[in-house]
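2 protein chains.
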Amino acid sequence: MKNIVVLGAGFGGLTFCQHFEHPSASVTLIDRQNHHLFQPLLYQVASAGLSATDIAQPIRSILSDKPNLMVLMENVIAIHPDAKEVVLENRQLNYDYLVLALGCGTGYFGHPEWEPFAPGLKTLDDALRIRRQILFAFEKAETETDPAKREQLLTIVVIGGGPTGVELAGAFAELRSHVLARDFNHIDPTKARIILIEASARVLSHLPEHLSESTNEQLHKLGVEVRSNTRVKDITSQCVELTTGEMIHAENIIWAAGVAASPLTKKLGAELDRAGRVKVNPDLSLPNHPEVFAIGDIAFVLNEDGTQVPGVSPAAMQMARHVSGIIRDELNSPGSAGRPRFKYWDKGTMATIGRSAAVAKIKGFEFDGFFAWLAWLFIHLIFLVGFRNKISVLMSWAYSYFTYKRGSRIITGLQNEDAVEKLGDTF
Amino acid sequence: MKNIVVLGAGFGGLTFCQHFEHPSASVTLIDRQNHHLFQPLLYQVASAGLSATDIAQPIRSILSDKPNLMVLMENVIAIHPDAKEVVLENRQLNYDYLVLALGCGTGYFGHPEWEPFAPGLKTLDDALRIRRQILFAFEKAETETDPAKREQLLTIVVIGGGPTGVELAGAFAELRSHVLARDFNHIDPTKARIILIEASARVLSHLPEHLSESTNEQLHKLGVEVRSNTRVKDITSQCVELTTGEMIHAENIIWAAGVAASPLTKKLGAELDRAGRVKVNPDLSLPNHPEVFAIGDIAFVLNEDGTQVPGVSPAAMQMARHVSGIIRDELNSPGSAGRPRFKYWDKGTMATIGRSAAVAKIKGFEFDGFFAWLAWLFIHLIFLVGFRNKISVLMSWAYSYFTYKRGSRIITGLQNEDAVEKLGDTF
Numbered sequence: 005m006k007n008i009v010v011l012g013a014g015f016g017g018l019t020f021c022q023h024f025e026h027p028s029a030s031v032t033l034i035d036r037q038n039h040h041l042f043q044p045l046l047y048q049v050a051s052a053g054l055s056a057t058d059i060a061q062p063i064r065s066i067l068s069d070k071p072n073l074m075v076l077m078e079n080v081i082a083i084h085p086d087a088k089e090v091v092l093e094n095r096q097l098n099y100d101y102l103v104l105a106l107g108c109g110t111g112y113f114g115h116p117e118w119e120p121f122a123p124g125l126k127t128l129d130d131a132l133r134i135r136r137q138i139l140f141a142f143e144k145a146e147t148e149t150d151p152a153k154r155e156q157l158l159t160i161v162v163i164g165g166g167p168t169g170v171e172l173a174g175a176f177a178e179l180r181s182h183v184l185a186r187d188f189n190h191i192d193p194t195k196a197r198i199i200l201i202e203a204s205a206r207v208l209s210h211l212p213e214h215l216s217e218s219t220n221e222q223l224h225k226l227g228v229e230v231r232s233n234t235r236v237k238d239i240t241s242q243c244v245e246l247t248t249g250e251m252i253h254a255e256n257i258i259w260a261a262g263v264a265a266s267p268l269t270k271k272l273g274a275e276l277d278r279a280g281r282v283k284v285n286p287d288l289s290l291p292n293h294p295e296v297f298a299i300g301d302i303a304f305v306l307n308e309d310g311t312q313v314p315g316v317s318p319a320a321m322q323m324a325r326h327v328s329g330i331i332r333d334e335l336n337s338p339g340s341a342g343r344p345r346f347k348y349w350d351k352g353t354m355a356t357i358g359r360s361a362a363v364a365k366i367k368g369f370e371f372d373g374f375f376a377w378l379a380w381l382f383i384h385l386i387f388l389v390g391f392r393n394k395i396s397v398l399m400s401w402a403y404s405y406f407t408y409k410r411g412s413r414i415i416t417g418l419q420n421e422d423a424v425e426k427l428g429d430t431f
Numbered sequence: 005m006k007n008i009v010v011l012g013a014g015f016g017g018l019t020f021c022q023h024f025e026h027p028s029a030s031v032t033l034i035d036r037q038n039h040h041l042f043q044p045l046l047y048q049v050a051s052a053g054l055s056a057t058d059i060a061q062p063i064r065s066i067l068s069d070k071p072n073l074m075v076l077m078e079n080v081i082a083i084h085p086d087a088k089e090v091v092l093e094n095r096q097l098n099y100d101y102l103v104l105a106l107g108c109g110t111g112y113f114g115h116p117e118w119e120p121f122a123p124g125l126k127t128l129d130d131a132l133r134i135r136r137q138i139l140f141a142f143e144k145a146e147t148e149t150d151p152a153k154r155e156q157l158l159t160i161v162v163i164g165g166g167p168t169g170v171e172l173a174g175a176f177a178e179l180r181s182h183v184l185a186r187d188f189n190h191i192d193p194t195k196a197r198i199i200l201i202e203a204s205a206r207v208l209s210h211l212p213e214h215l216s217e218s219t220n221e222q223l224h225k226l227g228v229e230v231r232s233n234t235r236v237k238d239i240t241s242q243c244v245e246l247t248t249g250e251m252i253h254a255e256n257i258i259w260a261a262g263v264a265a266s267p268l269t270k271k272l273g274a275e276l277d278r279a280g281r282v283k284v285n286p287d288l289s290l291p292n293h294p295e296v297f298a299i300g301d302i303a304f305v306l307n308e309d310g311t312q313v314p315g316v317s318p319a320a321m322q323m324a325r326h327v328s329g330i331i332r333d334e335l336n337s338p339g340s341a342g343r344p345r346f347k348y349w350d351k352g353t354m355a356t357i358g359r360s361a362a363v364a365k366i367k368g369f370e371f372d373g374f375f376a377w378l379a380w381l382f383i384h385l386i387f388l389v390g391f392r393n394k395i396s397v398l399m400s401w402a403y404s405y406f407t408y409k410r411g412s413r414i415i416t417g418l419q420n421e422d423a424v425e426k427l428g429d430t431f
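Residue numbers (the working numbering), protein chains in the order written: chain A, 5 to 431; chain B, 5 to 431.
Calculated from the structure, these hints are not laboratory results.
A couple of the hints might just be wrong.
Copies of the same chain look alike in the list, so a pair counts if it works inside one copy or between any two.
As the list claims (entries may be wrong) - Derived EDC-like pairs: lysine to aspartate or glutamate, alpha-carbon spacing no greater than 16 Å straight-line:
#, residue 1, residue 2
1, Lys365, Glu213
2, Lys6, Glu89
3, Lys6, Asp238
4, Lys6, Glu334
5, Lys144, Glu93
6, Lys347, Asp309
7, Lys144, Glu155
8, Lys365, Asp350
9, Lys153, Glu117
10, Lys195, Glu229
11, Lys144, Glu78
12, Lys365, Glu334
13, Lys144, Asp333
14, Lys271, Glu89
15, Lys88, Asp350
Work out the full structure: start from the sequences and follow the hints.
See the structure below:
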């Protein structure tokens, strides 16, 4: 019996486990969470559009029909490729094949000290914390008497004009203008400022220029202040300092500017890119370690034309199927030489900006506005894991689309450490 | 303009605000949460049947159509009846009428030191914490090698055989037997022990004896160990010591044995009962303070036959309407003497035990099993605040009823203080 160990139950790791099956192999899937997260919709949890359980599914129940598969909820401490072993908190696991699908966390370009002041959005806990603190900022503003402090409470800064940043800024703008607008007596939520900061010349720079412009216009309609060509010099508690020296005071600062691969990659002895991604062979295996594969966000892979495979879920799922095929073939005919090269099939890319607002580039077609939004909506619904979640998410969307209300505007966890820390003066 | 201040947005405070309206009065509703909680279903969040947002609704949006009403999310520090003022964190509020609807928290009969080891179930955070720790206990058991430790991880003790305790024990039993049963490789979740401890001779002692017996049978069918006439001597970390000297080792111990009124009642100078409830006049006002009313869980009220009005939501809503009527009449014709006495109309009482299992006593009728369960289901659905929540809850119920799966089995917040504390060795 061959042991195959898979680290991480994101799109890559989960797809591998769903596809791979071989009579003479047992698979162990390890993740420190008990759930698979549909990350493309995480920003909707952060902006109170969906509830946490809508976009998460217990890993065990997704894979419960799989024989020879074991799911462990544990932390990985270290990986020793030469000993072919993975070190967990209180034991080791040996493997014949290792699939690294650990994904990326938030990266601060060498400024880890910014993290406490500008949290990223990678886990459900991140999303719930951001939602809690933004909703609570409006509550505090309602009772705040000092105008300067009130303005700070009603300012949200999103750093990074990639898909996550754009989607967050748009969602916050709608939350503020449509959802919260009617509910307060002293403050006017529509006066809340949402500022999107992008270092480069334009947002969504991976898309054609005219789609970036369309994004700018659509964000502007929603009342988001888009500031491109703007660089952050420093971030301190509730304040962003720009390279121009300008200070922006904001109760909530969200970091969507960079990612960093799991620190475990450092211990692999393989070459890494700036973000800590593993530079793999064309077949996705590690140099000198044909039995170790890296897939998804954590792998640095080049297309034949020299461009980089993007860190998106379709790429991760395609890599998972590729590796699953290689391992199955080798188990069927041991010693067979020559592995196929991974080829990324670009299904297109899209970003949603708000209610009937989005941009999309699918195959040859580039479009924006309502139709891009519809396309986005259904594609995400189709890929959302779990029947129940689809219904429930569709319902939440329909509900907020037609009523302008949101079902998930619940502040919980105010007793939690992080909350108490941040809201210390009030609680 | 008269100022009416309402403390607490539970069933009592919320109902008052929905019913009361007067051109010459403005109402201020204060709660430390931003949401109204449908407490009767809280145990379903704790047992992963429903997600937090299903049973909570933002107070602001429930009352957004109310003129002259302000909602404040703040903590009440003190109440000074003689000065007619309420003290908040950073200011005072003066009132002409005060409605106390602060409800009850968990009470430990003079053993506050038990709280960290046996949390109660009163808030969404309580429910989410219990859910997190119970689901995580199964995850830890899956990787635990020491049999004794594994048995402890798979033991849940519920202390208190009232409705909450019975409903929790039943829900945990189903979670373990139907939902988790298929998902693990090493452990057999159906082997998990669920022990319900009740000090008195029978569970649900407020119901007729034969319904308690029926409850025992139905719990037994679900595999719950019901131990009545059993008293707790001491609770320490993951251990319950009985007066018999017997020690029960359990990873999860939940306290459902007692409630205690908000400590703010102590500062009112009014007479209190053992649980700290305020002994009010027949019109629900405080002795010597006709302008202060106590309603709901926090009020100790006697029926004309000398029996006590139970601390259930229908009673709280009836009291709210009663007080709303008194204040409206006095504003219409000031100086009018003679207030009506509050009369509690008992709509009946019921408790659910599990899938198609419940007991109910409605007017003359007493029934159990499937029909009691159906009645329970629809009555709770009808009273659940908010259209969207009703649909969503009904869906979750239908989903778990027909598929034996549960949608909310997501472990979040493992980084939180309390989690780290409890799961310290693993995280």
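Outcome of the hint check:
no., hint, result
1, Lys365 to Glu213, "within (12 Å within a copy, 69 Å between copies)"
2, Lys6 to Glu89, "within (13 Å within a copy, 73 Å between copies)"
3, Lys6 to Asp238, "neither (50 Å within a copy, 50 Å between copies)"
4, Lys6 to Glu334, "within (11 Å within a copy, 82 Å between copies)"
5, Lys144 to Glu93, "between (41 Å within a copy, 12 Å between copies)"
6, Lys347 to Asp309, "within (11 Å within a copy, 81 Å between copies)"
7, Lys144 to Glu155, "within (11 Å within a copy, 46 Å between copies)"
8, Lys365 to Asp350, "within (10 Å within a copy, 63 Å between copies)"
9, Lys153 to Glu117, "neither (24 Å within a copy, 40 Å between copies)"
10, Lys195 to Glu229, "within (12 Å within a copy, 57 Å between copies)"
11, Lys144 to Glu78, "between (38 Å within a copy, 9 Å between copies)"
12, Lys365 to Glu334, "neither (37 Å within a copy, 67 Å between copies)"
13, Lys144 to Asp333, "neither (60 Å within a copy, 35 Å between copies)"
14, Lys271 to Glu89, "within (13 Å within a copy, 63 Å between copies)"
15, Lys88 to Asp350, "neither (34 Å within a copy, 69 Å between copies)"
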